[in-house]
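Colleague: Each chain is listed here by its residues.
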Amino acid sequence: MNPELSVIGSGPAGLSAAVESAKYGVKVEVIDENILPGGQLFKQIHKFFGSKAHHAGIRGYDIGWKLLKEAEDVKVAIRLNTIAWGVFKSNSRSSIGLFDQQRVFLSKPKKLIVATGATENPLSFPGSTLPGVMGAGAVQTMINIHRVLPGRRVLMVGAGNVGLIVSYQLLQAGADVVAVVEAMPRIGGYLVHALKLMRAGIPILTSHTILEAKGDREVESATIAPLDKNGSIIGGGERELEVDLICLAVGLRPDAELCRMLGCRFTYVPLLGGHVPIHNEDMETTIPGVYVVGDASGVEEASVAMEEGRLAGISVAESLGYITEGEAENEKDKIRGRLRDFRIGPFGSPRQEGKNKILAEYRRWLHSEGRRSS
Amino acid sequence: MLRIYDHPILGKLRERRKVLIEVDGKRIEAYEGEPIAAALLAAGIRVFRYTVRRNEPRGLFCAIGRCTDCVMTVDGTPNIRTCITPVRDGMKVETQVGLGRWGKTR
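Residue numbers (numbering that gives the first Met the number 0), protein chains in the order written: chain E, 0 to 373; chain V, 0 to 105.
Treat the hints with care, since some could be wrong.
[To be verified] From the structure, some residues in chain V lie toward chain E, with a derived Cβ separation under 10 Å: (1) Leu1; (2) Tyr4; (3) Asp5; (4) Ile8; (5) Leu12; (6) Ala36; (7) Leu40; (8) Val46; (9) Thr50; (10) Arg65; (11) Cys66; (12) Thr84; (13) Asp88; (14) Gly89; (15) Lys91.
[Stated by the list, open to error] Distance condition first, Cα-Cα at most 30 Å in a straight line; then the derived DSSO-like pairs of lysine-lysine: (16) E/Lys213 / V/Lys25; (17) E/Lys46 / V/Lys25; (18) E/Lys333 / E/Lys356; (19) E/Lys331 / E/Lys26; (20) E/Lys88 / E/Lys109; (21) E/Lys65 / V/Lys11; (22) V/Lys91 / E/Lys68; (23) V/Lys91 / V/Lys103; (24) E/Lys331 / E/Lys22; (25) V/Lys17 / E/Lys68; (26) V/Lys11 / E/Lys195.
Simulated from the structure, these hints should not be mistaken for lab results.
Nothing here was measured: the structure is a model prediction, and the numbers come from that model.
All residues carry an ideal CB built from backbone N, CA and C; glycine is no exception.
Produce the entire structure from the sequences given, and follow the hints as far as they go.
Modeller: Structure representation (structure tokens):
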């Protein structure tokens, strides 16, 4: 049987979207290729930031449990271990190609929400493909969910929030963090996270980069070097650190291939991780009935992802006639207000600019579509 | 052992049923339901495969099923993403060379 709404991805954005729409009566099915739902929430063992409305002070995995409970309460069906390998446009509907490890089949929902998250960026340097060079988020998954250390002596590359938080979590897991290198002249992440590392005596080397990973078949050492103010390597300053794990925390990029397959329009916003689908204030893409939420619509934070999910969920309930436009607008205004609150300050406002660009591109596209059809 | 038994936030490691898997003919212990990659790391194994043309070692990179660097031959089927595939008792895992070779599947 076809659900009214399919949500691809059961992370914070997807679950929030599903819960919100199901609350109003929409029959929704969530698809996820993983064995467990929750996306990357369960590896976030630190407390979240922001105001109360943004779950401040609550650890990521507790937010995960809360969302799963809500999903159960409103009878959201979650189909796990199922890969959404493609989407196709047929008439006004989208068909989703699924594989549940046994059979391949199509699902034809009325509405589709893409909540497929993001992928960590790699970084290329000699030795960067050696086993022992891993994404920082990957290491976080291994230590916090599977409780296994991929190495004992660690070099972290990148001092943004991910680099800082994962470094601290590596300490909590019992590893030695030898250093954090950051190519920029400043620490990119929140100061509280950096201070925790500094108090533990971990050097955070700004204006430093990794030159090479060495080892016979696995990482045995890393060579780092200082950079001048133009970002060029200062010769003679190279140092070799004995490490067996190199973590790359050099940003993420949106995973929105399903939108690409459907022919959604994209735009390039470096501040949000790169190529992102254009969407309107309801998170609807340039293909009517197809929405994109969370990191797939621009890399931000879990708190933002959940709000975006709710926005799309309400919009779907509205477009399927479960709530009136008035009710929907009222709810959407509240969410948009919270999103605006989140996107202020030195960390938030650049993301607001990025989002504004996406919305402006959508309006431009709508205008040109209108001209073409008239 | 590289298992994290005690954790200041997460507490003690929950005891679960253990299973045995065979890695290149050697038997190692794993926790039921954990990904193959986690069991291998816990046993100190980090080289999962060798590349097609240059025969370079590769291991776990993204751990969420995106990058495919961690693929191995599992129960005779090559190119299995070990980071998102759970272990099963008696599973046969082989270091993959190149594109791997199809063997006797279960």
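Colleague: So, for every hint listed, does it hold in this structure?
Modeller: Structure-based check of all given hints:
no.	hint	verdict
1	Leu1	holds (4 Å)
2	Tyr4	holds (8 Å)
3	Asp5	holds (8 Å)
4	Ile8	holds (5 Å)
5	Leu12	holds (5 Å)
6	Ala36	holds (8 Å)
7	Leu40	holds (5 Å)
8	Val46	holds (5 Å)
9	Thr50	holds (8 Å)
10	Arg65	holds (5 Å)
11	Cys66	holds (8 Å)
12	Thr84	holds (9 Å)
13	Asp88	violated (16 Å)
14	Gly89	violated (19 Å)
15	Lys91	violated (18 Å)
16	E/Lys213 / V/Lys25	holds (28 Å)
17	E/Lys46 / V/Lys25	violated (41 Å)
18	E/Lys333 / E/Lys356	holds (22 Å)
19	E/Lys331 / E/Lys26	holds (20 Å)
20	E/Lys88 / E/Lys109	holds (12 Å)
21	E/Lys65 / V/Lys11	holds (22 Å)
22	V/Lys91 / E/Lys68	violated (37 Å)
23	V/Lys91 / V/Lys103	holds (10 Å)
24	E/Lys331 / E/Lys22	holds (15 Å)
25	V/Lys17 / E/Lys68	holds (29 Å)
26	V/Lys11 / E/Lys195	holds (23 Å)
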